[in-house]
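Protein chains: 2
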Amino acid sequence: MAPTKVKIVEVGPRDGLQNEKEFVATETKIELVNRLSQAGLQNVESASFVSPKWVPQMADGAAVMAGIARRPGTIYSVLTPNMRGFEGALEAKADEVVIFGAASEAFSQKNINCSIAESIARFEPVAKAAKEAGVRLRGSISCSLGCPYQGEVPVASVVDVVERMKALGCDEIDIADTIGVGTAKRTREVVAAVSKVFPRERLSGHFHDTYGQAVANIYAALQEGIEIYHASVAGLGGCPYAKGATGNVATEDVVYLMNGLGIETGIDLDQLIEIGDFISRAIGKPSASRAGRALLAKKRDGVAPCV
Amino acid sequence: MAPTKVKIVEVGPRDGLQNEKEFVATETKIELVNRLSQAGLQNVESASFVSPKWVPQMADGAAVMAGIARRPGTIYSVLTPNMRGFEGALEAKADEVVIFGAASEAFSQKNINCSIAESIARFEPVAKAAKEAGVRLRGSISCSLGCPYQGEVPVASVVDVVERMKALGCDEIDIADTIGVGTAKRTREVVAAVSKVFPRERLSGHFHDTYGQAVANIYAALQEGIEIYHASVAGLGGCPYAKGATGNVATEDVVYLMNGLGIETGIDLDQLIEIGDFISRAIGKPSASRAGRALLAKKRDGVAPCV
Numbered sequence: 001m002a003p004t005k006v007k008i009v010e011v012g013p014r015d016g017l018q019n020e021k022e023f024v025a026t027e028t029k030i031e032l033v034n035r036l037s038q039a040g041l042q043n044v045e046s047a048s049f050v051s052p053k054w055v056p057q058m059a060d061g062a063a064v065m066a067g068i069a070r071r072p073g074t075i076y077s078v079l080t081p082n083m084r085g086f087e088g089a090l091e092a093k094a095d096e097v098v099i100f101g102a103a104s105e106a107f108s109q110k111n112i113n114c115s116i117a118e119s120i121a122r123f124e125p126v127a128k129a130a131k132e133a134g135v136r137l138r139g140s141i142s143c144s145l146g147c148p149y150q151g152e153v154p155v156a157s158v159v160d161v162v163e164r165m166k167a168l169g170c171d172e173i174d175i176a177d178t179i180g181v182g183t184a185k186r187t188r189e190v191v192a193a194v195s196k197v198f199p200r201e202r203l204s205g206h207f208h209d210t211y212g213q214a215v216a217n218i219y220a221a222l223q224e225g226i227e228i229y230h231a232s233v234a235g236l237g238g239c240p241y242a243k244g245a246t247g248n249v250a251t252e253d254v255v256y257l258m259n260g261l262g263i264e265t266g267i268d269l270d271q272l273i274e275i276g277d278f279i280s281r282a283i284g285k286p287s288a289s290r291a292g293r294a295l296l297a298k299k300r301d302g303v304a305p306c307v
Numbered sequence: 001m002a003p004t005k006v007k008i009v010e011v012g013p014r015d016g017l018q019n020e021k022e023f024v025a026t027e028t029k030i031e032l033v034n035r036l037s038q039a040g041l042q043n044v045e046s047a048s049f050v051s052p053k054w055v056p057q058m059a060d061g062a063a064v065m066a067g068i069a070r071r072p073g074t075i076y077s078v079l080t081p082n083m084r085g086f087e088g089a090l091e092a093k094a095d096e097v098v099i100f101g102a103a104s105e106a107f108s109q110k111n112i113n114c115s116i117a118e119s120i121a122r123f124e125p126v127a128k129a130a131k132e133a134g135v136r137l138r139g140s141i142s143c144s145l146g147c148p149y150q151g152e153v154p155v156a157s158v159v160d161v162v163e164r165m166k167a168l169g170c171d172e173i174d175i176a177d178t179i180g181v182g183t184a185k186r187t188r189e190v191v192a193a194v195s196k197v198f199p200r201e202r203l204s205g206h207f208h209d210t211y212g213q214a215v216a217n218i219y220a221a222l223q224e225g226i227e228i229y230h231a232s233v234a235g236l237g238g239c240p241y242a243k244g245a246t247g248n249v250a251t252e253d254v255v256y257l258m259n260g261l262g263i264e265t266g267i268d269l270d271q272l273i274e275i276g277d278f279i280s281r282a283i284g285k286p287s288a289s290r291a292g293r294a295l296l297a298k299k300r301d302g303v304a305p306c307v
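Protein chains in written order, with this note's numbering: chain A, 1 to 307; chain B, 1 to 307.
Chain A extracted, bound-state conformation (with noise of 0.2 Å):
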C-alpha cells in the first residue's frame, strides 16, 4: 500500500526560518529557495504574506518571490492569512497559497479567539480569489494529533477540518503534528479517517521531531499510502519557547529514510547536506538534521561515524 514515490515539501524557507529572531538576509533566503528546487524539491515554501508586525523575519516575502529562480516545474507556496496577504502573493506570482485552521477548539480559541468552523470560514475570500485566479490552494490543519491546552484531540475534529477545507476548494490539506506529541498509531488512525473524505494522493503529513517520533510517523503513513510530507532542510524551525526542543522534521532524515525505502524522491540527497549546512552556518546554528550531520562528518572528514 506504500506508494512507490512521494512528494517532499520543503518548509525551511518560511516554517522553519519564520521565528528565527536574527533577521535572515533576503539574499540567504533567496538563495536557500534557489538551491533547494536544484536540489529537486518539487515544492518549496518560500515566504508568508503575513503582517510584518506579526512576523518580522517574512517581511521581505515579496522580494524573495522576485528575486528566486523558478525551476519549471516547482511549486512556489506562500502563506495568506487575509485576502491581503493573497493579493500580495498573487502579485509575487506564488504558485500555491497556504491557508491554515487548527483541529483543537481549545488552540483556535485561545490563540485567535474565535472557534475553528469560524476561523475556517475567514479564509472564503481567501478560497474563493485564488480559485478564480487558478493559483492552487492549500489547507493546512495544525494540532491534527494533539493539542498543548486540550491535550487529546479528537480524529473526528479533524476530519471535521478537512471536510470544511475540501468545501473551500483546497488542492492539497496538510495534516501536521504541530507539536510533535503525536505517534505512529494515531497517525495511522487519522490519516485513514481523513482519506475516507478526501483523495489520499492529496493529503500530506507534516509532523515536527519535538518528541523523536518523526520518521516513525512517516512510516506510518507511508503505510496508510500517503504520498505527500513536509520537512524542513537542517531541521529548521527549533521551538522558539523551549530551549534544546526539536521542531520541524528534517528534509535529509526523510530523504535517507526514502532512499532506503526505495521510495522515489527526486532529491539529491548529496546537494540536500550541503543545503543543511550552508544555511545552518547562515543562522549560526548546528543542524538539527541527524542524517544530514552524519552523512556531512563522513564527506568532510572520511570518518564513518559511530562505529
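Possibly wrong hints are sitting among the right ones.
Which copy is meant is left open, because identical chains are indistinguishable; a pair holds if it fits in one copy or across any two.
Here are the simulated lysine to aspartate or glutamate pairs, EDC-like style, with alpha carbons at most 20 Å apart [as the list claims (entries may be wrong)]:
hint, residue 1, residue 2
1, K285, E27
2, K185, E227
3, K185, E224
4, K298, E152
Treat the hints as calculated values from the structure; they're not laboratory data.
The hints should help you fit chain B onto chain A, whose structure is shown.
Chain B only, in chain A's frame:
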C-alpha cells in the same frame, strides 16, 4: 503481529558511558543503574569486564556491580570479551554475560584481525562456562544493518552469525545497527530472516539514531513481532569520532513511542526523564533524547514546546 508488551534493555551505563573521555565517578554509575532499575527497566547493561587498558571508563566494573542495590527480577548484564572477563563477571554476580561479534567480514578483519567465524569461536569457553554456571548468555551482533568498511552487509551474514551464537547457547541475541545506517525496510528484512533460525521472542533490536532512523526502525521491527529493544537513557553514547553525531536511541524516545502504541513497558516515563536529566548533568552534556528534552521543558517551565 506487533507485541502487546516489550522488554527494554537499558544500555546507557555500559554502552552509553564507555566512550566518555572524562571518568564518570563509580558512585554516579551506581546511582544511574539503581535509578534505572527503580524506574522499571527489567534489564540494565551495567558494566564491562574488559581490560582497563582498552576501555578505561569501565575499569570500575567490579565496584559498580558490588555497589548497586539489586532489584528482584532485574537482570544486570555485563560485557565479557574473554574468560578473564567472565570470571570477573561471575565473581560480581552478573545475571547475564554478553559476548559479541560482527556480521561484517571487513569489520571483523579490520578490528580484530580475524574472520567472523574465528571471532565467535573464541567465545566458546565463555559460553560453556556461562552455561555451567547457570548465567544467562547474550550474543550481540554488530554491523547487522551495514558496515563502515564494506557498506552493505548481506542478510545471510547476519543469519549465519545468529546460527553460530545459537550454537554457543545464547539465550538472547541482539541485532545491532552499530553505525545507525539501517532503515525500516532493511530492518524488517533482517529481523524476519533471523526469526526463522532463532526464536523471535528472544531476539532484540539495538538501533542507533545516527541517521535519525532508530525510532522508525523500532516501529518496523515491532511489526515483525520483535519484543526486546535496547536503548540508552538521554541517548548516552554519542559518537566519539564525529562531532554532533548521535549514538544509541534514547530510552525516553522509545518509551514515548511504546506508550503511544499502547505497548506495555513497565517503565515510569516521568522517572526516566529525571534520570536522563541527572546523567546529562553529571557528564556535562545536553541530553540527546528529544522526548526527554521536550517533557522536561514542559515539566520544569510549564511550557508546551513548539506551538
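Hint check results:
Only within a single protomer do K285 and E27 lie at most 20 Å apart by alpha-carbon distance; the minimum there is 18 Å, versus 35 Å between protomers. In this homomeric assembly, K185 and E227 come within 20 Å of each other (Cα to Cα) both inside a single copy, at 18 Å, and across copies, at 17 Å. In this homomeric assembly, K185 and E224 come within 20 Å of each other (Cα to Cα) both inside a single copy, at 11 Å, and across copies, at 16 Å. In this assembly of identical chains, K298 and E152 lie within 20 Å of each other by CA distance solely across copies; the values are 16 Å between and 41 Å within a copy.
Violated hints: none; the structure is consistent with every hint.
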